[in-house]
Amino acid sequence: MNAPTYNFAYLDEQTKRMIRRAILKAIAIPGYQVPFASREMPMPYGWGTGGVQVTAAILGPDDVLKVIDQGSDDTTNAISIRKFFGKTAGVATTTSTMDATVIQTRHRIPEASLHAGQVLVYQVPIPEPLRFLEPRETETRRMHALAEYGLMHVKLYEDIARFGHIATAYAYPVKVNARYVMDPSPTPKFDNPKMDNCAALQLFGAGREKRIYAIPPYTTVVSLDFEDHPFTRYRFNAPCALCGADNSYLDEIVTDDRGGRMFVCSDTDFCEQRQAAGHHGTESAAPHKEKAHV
Amino acid sequence: MTTIAEMPAGFADKVLSAQSTFRSVMDAMARPGSVQRVAASVGTPAGMMRGSAAIALTLFDHDTPIWLDAAMSATPDVARWLKFHASAPVVADSAIASFALIGDAANLPALERFAFGSSEYPDRSTTLILQVDSLTQGPAFELKGPGIDGSALLQAMIKPRDLFQRLSINEALFPRGIDVVLVHDDNIVAIPRTTRLIASGV
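So the protein sequences, as listed, match chains A and B. Under numbering that gives the first Met the number 0, the residues of the first sequence are numbered 0 to 293, in order. Under numbering that gives the first Met the number 0, the residues of the second sequence are numbered 0 to 201, in order.
No lab work stands behind these hints: they were computed from the structure. Just to be clear, a hint being listed does not mean it is correct.
Just a few of them, taken from the derived set where beta-carbon distance is under 7 Å, the chain A residues facing chain B [claimed, not checked]:
1) G89
2) R207
3) F225
Cross-link-like lysine-lysine pairs, in silico, DSSO-like; alpha carbons within 30 Å at most [as the list claims (entries may be wrong)]:
4) A:K154 <-> A:K188
5) B:K158 <-> A:K193
6) A:K174 <-> B:K158
7) B:K143 <-> A:K82
8) A:K174 <-> A:K154
9) A:K154 <-> A:K193
10) B:K158 <-> A:K209
11) B:K13 <-> A:K86
12) B:K13 <-> A:K188
13) A:K209 <-> B:K82
14) A:K193 <-> A:K82
15) B:K143 <-> B:K82
16) B:K82 <-> B:K13
17) B:K143 <-> B:K158
18) A:K193 <-> A:K174
19) A:K209 <-> A:K86
20) A:K154 <-> A:K209
21) A:K174 <-> A:K188
Positions of the beta carbon are idealized from the N, C-alpha and C atoms, including for glycine.
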């Protein structure tokens, strides 16, 4: 059979070199968005074309790959990317956070703390945290050059003026290594503290916007806030209905058309590990309650 | 003059050797001061260590102007090898180089001669690849910065002796700056622009 074969991990070698150079500069300048010549990938924008290119550039035959979409290993996006690399790179895949060496994620950071040697690759839609405040790239680039981030604090202040608290719930801006303000991708702000002083290397890829950025291990990542309105995490005030966890980020599942709902862990691997260890939830719908989680 | 048949080989396996070498460089950059090993087997032109040759084949191509110091350009071997295996242009002006290969680190030119990048594009800077005498023995350097849990201890014989003093301009220039990869044989250590020297000679 003479079926055409892909180069290892799909991308051609010149593209990988270009992405690899961008990754090295991104690590050397934590939080700075390095422009790169993003390629068209065999999937639509918004499905992780940036993350896939970063993963393809770092992946080796000995790696064990995990892919999550909103914390889940078994959604379409996660499965298709896992199969993509299974086919084009022949790498082993897993759903276990602990066993993975490379984790590509869309919009969540796993609950289990990551260890040294792991790489977390984020799929990023809009890498520029200032973009909705200032649409011109020339201006946002100058603002980053001058570390002029007053506008972002005005945005957070306007939240307080309008709602009485900082209402930004996801893509909550952070300052990396006391220099660059960075968009952590649309992760819930519940996950922000996990980025600070993390043992794993964190890489961010935005395919459509053609940017790569990074947080090296053990780097200070501070969520922006005010002295009188400190950063707070946030989760539904309920235990997981499947595993009973009271410290994990929860998804709200609508169970009927009469207002019934239940809350389950967004991180499916975390939830399954807990259930395997004998933890169980009520498996019933819970009344809707919300509170700040510190 | 060397013919192509006499020229040292490149990677035995282009794809996987480049991948494993990149991961070593990435780990080195993400954990400054830690010694990483380049496992790929690679041919080396005279004057080039295995680590530098592997990094060259992993990161250099037609998009990356390369500057060679006097030791690397003493014979045409290195430039010819780079041109053949990586198609990388060798330039005379160090200020436009993406990478600079330094064979004789004792005579490292002033860092101002390389690209620091601009405030808007600090990534457009020269990465120095510096061959040194040892990365496992010699005076100790205590380092801190992103990628380092507390502090890291590097024992190395580095010329120029005042490399870290020179690199202290990275602190004033940040986010502009110079990133350095130290190479000895197949060992590599990265010193990105965020790394600071706490103490030396302890």
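Distance restraint between A:K174 and A:K154, which requires alpha-carbon spacing of 30 Å or less: Roughly 15 Å between the alpha carbons, so the hint for A:K174 and A:K154 holds.
Proposed proximity, A:K193 with B:K158 (alpha carbon, max 30 Å): violated (39 Å)
Pair hint A:K209 and B:K82, alpha-carbon separation not exceeding 30 Å: holds (29 Å)
Satisfaction of hint between A:K193 and A:K154, Cα-Cα up to 30 Å: Holds, because 24 Å separates the two Cα atoms, which is no more than 30 Å.
Pairwise hint evaluation, A:K86 against B:K13, where the allowed Cα distance is 30 Å at most: Satisfied, since the Cα-Cα distance of roughly 20 Å is no more than 30 Å.
Proposed proximity, A:K209 with B:K158 (alpha carbon, max 30 Å): violated (38 Å)
30 Å Cα cutoff - pair B:K143, B:K158: holds (20 Å)
Straight-line alpha-carbon gap A:K193 to A:K82, limit 30 Å: The given pair, whose Cα atoms are some 28 Å apart, holds under the 30 Å limit.
Holds or violated: B:K82 to B:K13, with C-alpha atoms at most 30 Å apart: holds (16 Å)
Closest C-beta approach of A:R207 to chain B relative to 7 Å, hint status: Violated, about 20 Å.
Pairwise hint evaluation, A:K188 against B:K13, where the allowed Cα distance is 30 Å at most: Violated, at roughly 42 Å.
Interface restraint verdict for A:G89 against chain B (beta-carbon cut-off 7 Å): violated (11 Å)
In this structure, the earlier hints numbered 1, 2, 3, 5, 6, 7, 10, 12, 15 are contradicted, and the remaining ones agree with it.
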